[in-house]
Each structure stands twice: as C-alpha cells, then as structure tokens.
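Colleague: Heads up: the protein sequence lines correspond to chains C and E, in order.
According to our numbering, the stretch in the first sequence is residues -16 to 138, in order.
According to our numbering, the stretch in the second sequence is residues 379 to 787, in order.
There could be a bad hint or two in this list.
Claimed, not checked - Simulated crosslink set (DSSO-like; lysine-lysine; CA at most 27 Å straight-line): (1) K110(C) - K72(C); (2) K514(E) - K452(E); (3) K78(C) - K120(C); (4) K15(C) - K514(E); (5) K65(C) - K78(C); (6) K746(E) - K120(C).
Bear in mind the hints are in silico, worked out from the structure with no lab data behind them.
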Amino acid sequence: MSGLEDLYKEIILDHYRSPRHRGELDSPPAHKAEGFNPLCGDEVLLTFALEDDVIQELLISGQGCSISQASASMMSAAVQGKSVEEVRKLTRQFKVMMSIHEESIGAEDPPSEDDKPFGLGDLEALKGVVKFPVRIKCATLSWNTLLTGLDELKV
Amino acid sequence: MSLPPDLKSNFPLLSQTINGHQIVYLDSAASSQKPDVVIETMNDYYRTINANVHRGAYQIAAQATEAMEQARAKLATFIGARSANEIVFTKNATESFNLIARSWGGQNLGPNDVVLISDMEHHANIVPWQILAAEKGFELRWIPLTPDGHLDLSQLDRLLNGVKMVSVTAMSNVLGTLNPIREIADKAHSAGALMTVDGSQYVPHLPTDVMELGVDLLCFTGHKMCGPTGIGVLWGRAELLDAMPPFLGGGEMILDVRRDGFTPNELPHKFEAGTPPIAEIIGLGAAVDFLDSLGMNEVRQHEIDLTNYALRVLNDRYGEEITIHGPSSASERGGVLSIQYRDVHPHDLSQVLDQRGICIRAGHHCAKPLMRELGVGATARASLYVYNDQADIDALAESLAPAGELFAR
Ligand SMILES: Cc1ncc(COP(=O)(O)O)c(C=O)c1O
C-alpha cells in the first residue's frame, strides 16, 4: 500500500491518536471560532485566549477524520504563545505548502522571504496530503477556522 | 433463475486495476457502472443517426426521433406506466423534483398548506420544497424514524392533517430501508393528498409498477440504473401532468407562440423544453433493455442474497466492532450498507480501501437531516448492484481490519 505512508505519517497518526490541547475554554472571555467541512461533515471548534495580541492558550474540540484532527492538533501545538501576526504568517506558509496551485493562494498577499523564520517543523509531515487532493480541505479546516476567528477580532 | 455469473465482463470499467488491484466497485448507490451495450448504443447513435429530433423530415432525423420515442416507451413499460406520454425526460432525479415543486407546488401550495416528507430524504427531495416554502409560506413537515431505521408511521394519520403532498423515498440511499409506499400512498389519498415517490434507489434495483405502488408522481435518475449521466425521469399520472403548468419554457414545449403568449405542447413535450439529451435518452433505453434481459426479479434476488452474505460476513467477522445502519433483514432493505467500523473515520476507511482498489463512499450522502438523526457527521457506505459478487464483499471485509490497526484509538 505505497501511497498511504505519504499520507499517514507516524507523527500524524500520533497527533490523531493523542490529540494535543483538546477541550474548550470558557467563552467569553475566550474567543471562539467554528468551522465546517460541508463535504464530509467534519467540524472544529476553536477557543482561544488572547493577551496583548499573543495567543496564550488555544483549545480544540469537534470531530473529523485523522487528517483534520491531526492538523488541528499540530496547529494547536504550533500557535501557543505566538503573536497574532506570527500566527498569520505561519498559516500562510502552511496554506502554501497545502496548495496544488501555489499562485492561487492569497494573490494580494504573497508569501515573502519574511515568512520563513519559523519553518514548519512537524507540520511538514502534512505535506503528503497534497498528493490526495480531496483531503486538502481536511488539513486546512482548522487553519482556515483560526484565520476567520482572528479576522473577526479585527486585530 | 439467477444472474449470469460472468456479468462483470459486460462492464468494461470493471476490468481495470487500481493501485495494482482489480477494481472492486461498491458505490453504485452514487452511480452505477455502464455495460458495453449502453456505451455502444450511444456511440452508434452519434455515428449513424445523430440529428435533432422532431420536425426534421429527412431520414436520420426521423430515425433519431423514433429511437428516442422507443426509449420512452421502454421506460413506460419498465415502470408499469399506462402510456409513454406519462414519461417526462429530465436531467436527473433532482430536476424531476424541482419540476414538481415549481410546477405543481407553484400552482397548488400556499400559506395554510403542508408538504410531508421524511427524515431519510435525499437533499433532492428536501431543498426544492424548502426553496418554494420560503416563497409560498407553506409548512414542510417530517415523518420521523424508528431506532432501527424505518419510517415511524405510528403518527401518520396525525401528520397527514392538512397535507396536500406527501413526498418520500421508496428506498433510503443511506440506510437501504425499503418503505411501505403503497400503505403511505393509500393513507395520503384518504387524507386528500397526492403522493410523490423518490425512486432513485428503487427503480434500478426492484421490479417497479407505479400502478401497484398507487402513487401519483415518481422521480428517478438514469445513471444509477446502468444508464448514462444527464438523464432522469419524471413519471406522473397523465391527468395530473396535464393539469400542471409548464416548468421550463422554450422550444419543443409549445404548440404555438404569439406576441401575446403561448400555447403549451401536449404531454410529455410540455415539460421538455429545448433540445433533449437524445443520446442519453437512447442510452437509457439500452440500459432498460439490459436490465430487462436480466429480469428485475432476478436483480432483486441477487441483491437480497448478496446483502445477506455481506451482513453475515461483516457481522460474524467484526461483531461488536462494526455497526451497519438500517434494517437488519435483507428482505426489508436494499444493498446499501452504511458502516461504522470501530472509531475509524469514514474518510480514513475509504482512503485505506482505495489503496486496495475498493471504491466505497464516505460522507453525508446528501442526507444531512438523516445524518443528524443518526448522530454522525458521515458514514462509510458500500452499495451493491448486479455486477457485484461475494468476492467483492470478501475484499471489503478483508480490508477493514488493516484500517482499524492504523486508526483505532
Ligand atoms: C434517494 C436519492 N434521491 C435522489 C438522488 C439524486 O439523483 P441525481 O443526483 O441523479 O439527481 C439520489 C442520488 O444521488 C438518491 O440517492
């Protein structure tokens, strides 16, 4: 079963089996963002506490396939303690990695050298998803949800 | 009599390999594969008699018209209609429902009316009513389900209060449940309502007789019954269709057009505006011939046998680890198996099966209200048709365990 290892890397399965930062913060005071994948019924609920534009804590609840759950879990680990600006950059990088047509991502907001400093670390494990185009939406669900949540704050 | 054992060889797609495995196609509830004879009939049409139908005085135009009208007659016979004029060609079942809602509903529904559907409907039999209800202000009411996946008809008399149209599926595309259409239709009629049936999953799999079902309107779709995509059917009682206003306007559906208005054509052309999908209609006619040659009783028996086999093999092997939604007896259901295996998400299950060339569907199957009732976001659905055999079920059963090893938590 060749291609499957590309998709289901050990670290992805680990995040799926033992998801990090599960739960819900009281909202308010925490902020809340909800996302759905209308095609497959996956749903994610993010609650996060912001202080001075820094994500102090972010928790995840909801349900979905291994890819959407692992991606959410990895995201939760990656964004704790980061500033909103840093999170936006990371999200941009992640979405570039997840895109088949890189040029279609945020044309008005292209990734620059400036976006590099963090590296994607563990998140690179999700790169294999691109070979399975129907699953890309699973991987980006939590990220898009967080972006929408941050946009709504107008920070 | 049973189906010929080498039926797969009639379906060219099924000889393919996927990821090094012979393809195992278990998604016929979404769309069936096509036999050679359907593909060839459509090719022959384009190669030999392609011309616009009706009106043409030359030979191939007459042949094309004749072939199309023959297909209409075949469909009428196939479902027990009294006349070929009761067969209206649409794009698919979805368009048939939209036609009914717009035409009949637009004329007959208002603020104090009720349309009764059920919790196991496909979106095609939900959303057209919702769109119209937002305009007309009628109530859309739902028949609930029993825990074992049947319609709960215990309150049907009460639910029918004030209802003008009942519209339910003859067979669920998620649970496989076969519904007692005759009983519901009789009660609907006693309550003064009309009865529409979604035959999308029924007509391809069981002998169908609209007179015996006792219904007024029936929608089904060509691509699930060995026919091509892009062709569906609305059957209706002639007197009902006659009383309904046209749906789409344009060529073909008129007898006369003047500056001050138009006179609609006779049935069925009144509902067939524009150049029809001629090749698809003729292809669907070939599909009907193909199914007739197998015999619909044999088709049904084959699916009962195979469904029984699948239920037995999966339950024996996986016991508590597997849930198969819907009725537990094959006599009460069609060959649609929505499976929950351990806590493996349907997406992940279908991905692992795909690596073995096994095609099943993961998702909500266009039945979100039902998914909410079942308390799941998605199911993994394996569905059967004439070309499936025990080896296909064995391949499915073999592949669940490895998926479980990978994903069970
Ligand atoms: C029960 C049922 N009704 C309606 C439809 C709609 O069919 P189509 O998409 O061909 O219009 C389907 C299939 O998708 C179905 O399973």
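Colleague: Could you work out which earlier hints the structure fails to respect and list their numbers in ascending sequence?
Modeller: 2, 4
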